[in-house]
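**Q** Following the hints, complete the assembly by docking chain B onto the known chain A.
Going down the list, the protein sequences come from chains A and B. Per my numbering, residue 140 is the first one in the first sequence, and the count goes up by one each step. Per my numbering, residue 34 is the first one in the second sequence, and the count goes up by one each step.
Check each hint, because a few of them may be wrong.
[Said to hold, decoys possible] Calculated pairs, DSBU-like style, for lysine-lysine (alpha carbon to alpha carbon, straight line, at most 35 Å):
no.: 1; chain 1: B; residue 1: Lys182; chain 2: A; residue 2: Lys286
no.: 2; chain 1: B; residue 1: Lys182; chain 2: A; residue 2: Lys288
no.: 3; chain 1: A; residue 1: Lys190; chain 2: B; residue 2: Lys55
no.: 4; chain 1: B; residue 1: Lys405; chain 2: B; residue 2: Lys498
no.: 5; chain 1: A; residue 1: Lys190; chain 2: B; residue 2: Lys79
no.: 6; chain 1: A; residue 1: Lys288; chain 2: B; residue 2: Lys292
no.: 7; chain 1: A; residue 1: Lys286; chain 2: B; residue 2: Lys55
no.: 8; chain 1: B; residue 1: Lys405; chain 2: A; residue 2: Lys286
no.: 9; chain 1: A; residue 1: Lys331; chain 2: B; residue 2: Lys112
no.: 10; chain 1: B; residue 1: Lys112; chain 2: A; residue 2: Lys221
no.: 11; chain 1: A; residue 1: Lys288; chain 2: B; residue 2: Lys55
no.: 12; chain 1: A; residue 1: Lys288; chain 2: B; residue 2: Lys405
no.: 13; chain 1: A; residue 1: Lys190; chain 2: B; residue 2: Lys74
no.: 14; chain 1: B; residue 1: Lys292; chain 2: A; residue 2: Lys286
no.: 15; chain 1: B; residue 1: Lys79; chain 2: A; residue 2: Lys286
[Unchecked claim] Residues of chain B placed beyond 12 Å of chain A at every Cβ, according to the derived structure:
no.: 16; residue: Gly370
no.: 17; residue: Gly479
no.: 18; residue: Gly503
For the record, the hints were derived by calculation from the structure and aren't laboratory data. No residue lacks a Cβ here, since even glycine has one placed at the ideal position from N, Cα and C.
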Amino acid sequence: MSQDMSDDKLPQAHGAGEGHGDVAAADNPFADPGLPPHEPRRTDIDERAAKRAERQVSLLFIVSMLATVGFIASYVAIDPSKIVYVFPLGHINALNFALGMTLGVALFCIGAGAVHWARTLMSDVEIADDRHAIEADDDVRADVIQKFKTGAAESGFGRRKMIRNTLIGSMALVPLSGVVLLRDLGPLPEEKLDVTGWKEATPTNPIRLINMNTNLPMKAEDIGVGSLTFAKPGPSALRPGGLQESDEDFQEAIATDALMLVRLQPTDIKDPQSAALGFEGVLAYSKICTHVGCPISLYEQQTHHALCPCHQSTFDLSDGARVIFGPAGHPLPQLKITTDASGYLIATQDFTLPVGPSFWERNA
Amino acid sequence: MSSSASAKTAAPASTRAKPANKAEAAADYLDGRLGIYSLAKSNLRKIFPDHWSFMLGEICLYTFIIIILTGVYLTLFFKPSMGEVVYNGSYAPLNGIRMSEAYASTLNISFEVRGGLLIRQIHHWAAIVFVAAMFVHMMRVFFTGAFRKPREINWIFGFLLLFLGFFDGFLGYSLPDDLLSGTGIRFMEGAILAVPLVGTYIAMFLFGGQFPGTDIVPRFFTIHVLLIPGVMLGLLVAHLILVFYHKHTQWAGPGRTEKNVVGMPLMPVYMAKAGGFFFLVFGIIAAMSAIASVNPVWAYGPYRPDQVSTDAQPDWYMGFAEGLIRVMPGWEIRAWGHTLNLGVFIPLMLFPLVLLMIAVYPFIEAWITGDKREHHILDRPRNAPVRTALGAAWISLYLVLLSGGGNDLIATHFHLSLNDITYFVRVGSFVVPVIVYFVTKRWCLGLQRRDKDKVLHGRETGVIKRLPHGEFIEVHAQLPQDKLHTLTAHEQYEPVELPAEVDENGVARKVGLMTKTRAKLSEGYFGEHGQIPKPTAEEHQEITSGHGHH
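Extracted from the complex, chain B is given alone in its bound form:
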C-alpha cells in the first residue's frame, strides 16, 4: 500500500481565493461548517416590497420579542406560589393582609424592585399590543387576499399564534392572584364545570381539588412561561421561514407581476428599516409604560372567592368571550339527575367557533373559485366585494359581542339601561353582521364603478367649460398608462356553471348537492350582483377615439 507515502504529502491547496481580511476569513470558516454562503446568496439582497400595511406583522414579531425579554426579567422576581404570607412591604394600605406569595411578589416587583413596575407594565402593554397587532395583521391578510395559494398554511400558523396569544395573555394576567385575576379564574372554573360529562373531572384535575386550591398559579405559570411560548416560538419561526420562502406579496402596479417581486433589498434597506422599527416599537411601548398604568394589581387587593370588585373586565381580546357569556340566556336542561348548562356551555363552544369561522375562510374561497394557481399580487378589498363584506360582517359580530362584554361600563358611562344593551346585543349579534355585509358589498361595488369610470372617462380636472350652446361640462383628463394598468390589473372570475342536465350521450347526469352549492356560491361571488365587469380595452378605445364627452 502506498498510504504511508501519501500520508506525508502536504494537504492539497484549497482552490478558494485567499480571504482579503479577517472578516472574510471568519466568514470562510463559518461557511466551511455551516454553509452560510449558499444561505446568504438568495437572502442577503432579498427583495421586500414596501407598503405601510406590511409593518403590521413586524409589530407582532417585535412585541413578541419584547414580551419574552421582559417576561424573563419578571421570572427573576415573581414567586409562582399560592403559599400564604402576611404582607409587610412598602405599599402601606395592604400591610398586615393575608395574601398568596404570587400576589406579594407582584407587589414587590411593583414597589420595591427598581424598574420592576416599568418592566411589568412593558410586559403587559406589549401583550395588549401583540394581540391587537396580530388581529390587525390578520385582517390585512384577509382583506387583501394574501391568504391565497401558496400561503394557506402560513395563514393557519398565524391563526394558531393568535389563538395561543389569547390564552397566554389570559394565563399571564391570572398569575398575580389579585382580586380581578382570581375572578377571571373563577369564571374559567365555572365555564369548565358546564362541560357535559367531564366538566367536574377537568376542573378537579386542573385545580388539584376544589376551587381555588393552591395548584393553579404554579400550573398556570409553567404553561404561561414555557409551554405556550415554546409552541408559539416554533410557529413563529415556521411563519417567518414561509414568509421568506414564499417571498412577500405585493400590490399591483407598473412593473409588478405574479412572476416578480419589486422592492428594496434586505441588506441594507430592510435591515435598517425593519431593525430600526423594532427599536421604534420598543421605545413607544416603554414610553407608554412610563405614562400609562396597566393592571394596577395593588388597587384590587388579594383574591378572595367571596369578594369582587364592580366593573370586573378581562383584557380587551377576551372581551368578545365575555360578551358571549353575558348576553347568553340562562338555559339549563335538568333531566335524569343531570344538568346540562347550555347558558354557559354554548358560549364556551362559540368562543373558538367565532374564531374558527375566519380561520377556515381561505379554504372555502379556494373551493368556490376552484383556482389552483399561485397568487402574489394582492387584491384591493373593493375588487373582492363578497370576501370584503364577509370580513366586515365578522368584525362587526366581534365588536357587537365586545360591547356585550362591556355592557356594565357602557350602561354607567352613557346612562343607558344595562338590560336594554343586553337585549340589543342578543338581537344585534344576528342582525348587525347581515346589515354590515350588505352595506360593505354595496360600498365595494360603488368603488368598483368609480374605478371603471375613472379608467374610461379619466379623472375630473376641476376645470369647468361652457360649450357654445350653453351647456357646462367638466373637463376630464385621461389617466396615465401606469394608473390605467393599476386600476385594471385585477382578475375577475366568472361564475362556475352547472354541467348540462344530460351528458353528450343524452344520459341524465346526476348533479350532487355540493356541486350545486358551489355553483350558487360562485354566482353570488362572481355573478352580476357580485362584481362590476372591469373596463375592456375596446370600451376604452371607443370612448377615447374622439366622440367627445357625454
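Just chain A, same shape as in the assembly:
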C-alpha cells in the first residue's frame, strides 16, 4: 500500500547534515552551537558553601534518625484508641497521626538529604553519551536468519509434516484439561435467576411479609401512606422461622427476596394491573434495581418516585414502577400480595418476572 508512495517526503534526519537550504552551514543561524560550557555552582568554588551544604545534608539525615526514634516511642507509648484534637484536622486518632508523621519525616528527610547532596555537592557537569541504533546491521541480520534457517532445516519441522501436525494438535488439546478443571468454579445458571425465595408461596401455603425493621408480620394499615417499608419473607415450609440474618444463606436470599412496600391512595394508582397485584393500595415491589442490582432506598412521596442511589434510575411506583429516568431498562417486578384471615399481608406466588438486572436468558 505504501510502496507507491514516496518516502522522500520525510524530513532530514536530525543532526545529519543540517538541511537549512542554501545557507552554508557555517553561517547558519540555527546551527547547533554544541553543549554550553559548564557553569560552576557556588558550592563548586566556595569551600564554605560546600561545607554548609554538607552540614545541611547531615542535619536532614539526623532529623530522620530522630523521627524513627519518635516512631518507635509513639508505637510503645500511645494508646491505640486515644483521640486527640489536632488543628486544623479535628479529632483524630493520636497513634495513627504520630506514627504517620514520624514515619513521613523519617523517610522524607532521607530523600531530601540525598537530593540536596546530589544537587549541591555531586558534579553537575553534563556528559554526552552516544546512542547506538536499536536495530542490528545487515550482516548480523543475515547471519541470524541463516542460523534460524539452519536450525529449522535440521529440525525437519517443515519437511516432516506428520510430526508437525500432530505436535500442533497435541499442543492445541492439552490446555483443554485446564479449561475443564474450571467447571466446578460454580453451578450452572439453570433457572436460579428466574426465581426468588417467594417461590415457596402458594394459595394454600402463603408466606407472610415480615417488616425488616420490627421482624414482625404486617397488616395493610401498618403501612402509612407516603412511606417506604422494607420487607422479607416470613415462615415457609423450607424456612420455618422465616428468613433470618442468622441463616447461612441470608445474603443470597435477601439479594433476591427484599421487598419495598408502598401505600398509595387507590385513586393515585395509574396502572390498573399494578393495582390488582396490590392490596388496598399497598404495592410490593422488588427492592433490587433492574439496572445492575443496587437496592433502591430513596422515595419521594409527593411524586411516588423511587430512586436508586447508585446510578439514579428512577421508577414511578404509581405506574407499575415504570422507568422514568436513568439507565434501568425495565420496571421493577411487582409481587402479588393479599391478606390472610388475620389480616396480615401475604404472598401467594412468586414474582412473575425475574428480579434484579437483565440477563441473556431473561424471558419477558
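**A** Chain B only, in chain A's frame:
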C-alpha cells in the same frame, strides 16, 4: 597419557590484577560467576537527561514498591474469608453485628493492630497515587511523542500496567466486604449478567453460585495479591529494561541530537536523586496517611445486598466507567425469549475501548507519517498540533465521563438538577471532545506562530523607541544561537501525496481506499492547516540583514 603428571602442576596463575581491597575481591568473586563487570560497564555511569516530567514514571515505580511492601504487611492480618462472625471489638458502634471475617479483620487492622490503620491508609493512598501517576506519565509520553520508534512496545507495556492497575485497585477496595465495596461487586455482577450468551455462566462461575455467595472475597484476594501483581511485576521489569536499553529520550537543545544522550550519570547523581526521590514519595504518602483518612470502612458497616449508602462512589480511576454506566440510556432488546441489555453491555464494552483508543494511537501515527526512523528527541506538544489536540480531546472525554460518574455529588454540592447533568454528559461526551480538539489545535498553531516570530524578529525587550518621524516601536533583540537552534530543531513532515492517476506507461493506476485515507490524514496532520512552516535560515538572513524592523 601425561594427565597424571599435569594434574600435579599448580593451577595456572590468573592474569587478572590483584584486588586492591576486600570490596574489589568480592566484586571479582561475583564477576567470575555473574559477569557483573560487563553489565556495569555501560550502566554504572549511564547518562540520564534531566527534566521534571521524567520524574512521573519514577512516582509510578515507587508507589508500586510502597504498595507491595504495605500489601505484604496487610496480608499478615487480613482474613480473606466470608465466613460469618459477630463483631466484638474496640469499635463500639458495630459490636454485636454480623459480618464477614474479611470485614471484621479489616476493622481489627484499623483499630487493634498498632499502626495497622496507617499501613492500610498508606496502601490505599499509594494505590490512588499509583494510578494517577501512571495516567500523567502516559500523558507525558503521549504529548511529547516519546512513544515513537523504538518505544512503541514499551508504550504497550505501560498501557497494560495502567489497565491492570485499574483492575487491581478495584479488586483491592472490594476485599474489605464493607457496604461500599459490596455495592461495587454487585455492580460488577450486574455488568457481567449483561454479557450476551455467557453472562449468567460467567457470573455463576465467578461467584461460585448466586450473588454474593462466599467465594468472591477469597478468589479476589488471590487475584489481587498474586495473579495481577505478578503479571504487573513482570511487565514493570520489562518496561524498565527497555528504558535502559533504549536510553532515555531528551528535549531538543544545544548539543543534544538524535545520536547522543546528554545528562548526568547514574552513579552518583541519579542514584542519589532517584533513590532519594523514592524516600520523598514514601514520606509524603506516609504523611498523607497520617492526616487524611481514606476509605473509612467502619463508617459504612458490613455489606448487605438490601442496603446501600447514598453517594456510593468508586475510586477516582473507575469514575469514568461509572459515568458511562450512569448516563447510558436504558436500552433493552427483548425478543425470542432473550434479553439483550444494551444499556449495560455498551458501557461495559466502551470501558476498554476508551482506553484502547489511546493505546493504539502510536501505531496509527506511525502509519500516517510512514516514518521508520528512531526518535529520541522529544516533540514540544505545540509542534505536533493534531496529536496534541487528539490527546486533549481524549482527556476531555475522560473528564466529561468522570463528571457523569459524580453526577449525584455535583448535583448536591452545586444545587444543580441531576437530570440536567446526565443529559449534559450524554451530549457532552460527543460535543466536548470536538470543541476541545479544535481549540487545542488552534492554540498549538498560535504558539508555533509565536515561536516563528521570536526566531525571525527576536524577543521583545520592553524598550520603546520613538523614531524621528514620530512612530513608536519596541526594540526587539535577536535570540542567542542556542535559543534559535532549540526553537527550530523540530522536524516538519510534508503530507504524503497520492501517486499519479496514471503510471509512467500511461496505464491507469488503482489507488486503494487505505492509501487515500492515509493521504487525507497526512494532509490533515501536516498540510497547511496542520502546522505552521518553521522559519528557514534564508528568511532569518533576509530579515536580520539590515532592512530594519517593520
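**Q** With the threshold set at 35 Å, check whether the alpha-carbon distance from Lys190 of chain A to Lys74 of chain B stays at or below it.
**A** Satisfied, since the Cα-Cα distance of roughly 32 Å is no more than 35 Å.
**Q** Just checking, Gly479 of chain B versus chain A, shortest CB gap more than 12 Å?
**A** The claim holds: Gly479 of chain B sits with its nearest Cβ about 22 Å from chain A, beyond 12 Å.
**Q** Taking 12 Å as the cut and beta carbons as the points, is Gly370 of chain B off the interface with chain A?
**A** It is violated; Gly370 of chain B is separated from chain A by about 4 Å at its closest Cβ, not greater than 12 Å.
**Q** Starting from Lys292 of chain B, check that the Cα of Lys286 of chain A is at most 35 Å away, please.
**A** 31 Å, holds
**Q** Run the distance test for Lys112 of chain B versus Lys221 of chain A: straight-line Cα separation, threshold 35 Å.
**A** 26 Å, holds
**Q** Is the hinted pair Lys286 of chain A and Lys55 of chain B satisfied, with a Cα-Cα distance of at most 35 Å?
**A** 44 Å, violated
**Q** When you check the alpha-carbon spacing of Lys405 of chain B and Lys498 of chain B, does it fall within 35 Å?
**A** Since the Cα atoms of Lys405 of chain B and Lys498 of chain B sit roughly 51 Å apart, the hinted pair is violated (cutoff 35 Å).
**Q** Does the alpha-carbon distance linking Lys405 of chain B and Lys286 of chain A stay inside the 35 Å limit?
**A** 26 Å, holds
**Q** Straight-line Cα separation of Lys190 of chain A and Lys79 of chain B no greater than 35 Å?
**A** 28 Å, holds
**Q** Should the label of Gly503 of chain B as a non-interface residue stand, given a Cβ cut-off of 12 Å to chain A?
**A** 33 Å, holds
**Q** Is the Cα-Cα distance between Lys288 of chain A and Lys292 of chain B 35 Å or less?
**A** 34 Å, holds
**Q** For Lys182 of chain B and Lys288 of chain A, compute the direct alpha-carbon distance and say whether it is at most 35 Å.
**A** Given that 35 Å is the threshold and the Cα spacing comes to 28 Å, the pair holds.
Checked against the numbered hints listed earlier, the structure breaks hints 4, 7, 11, 16; every other hint is satisfied.
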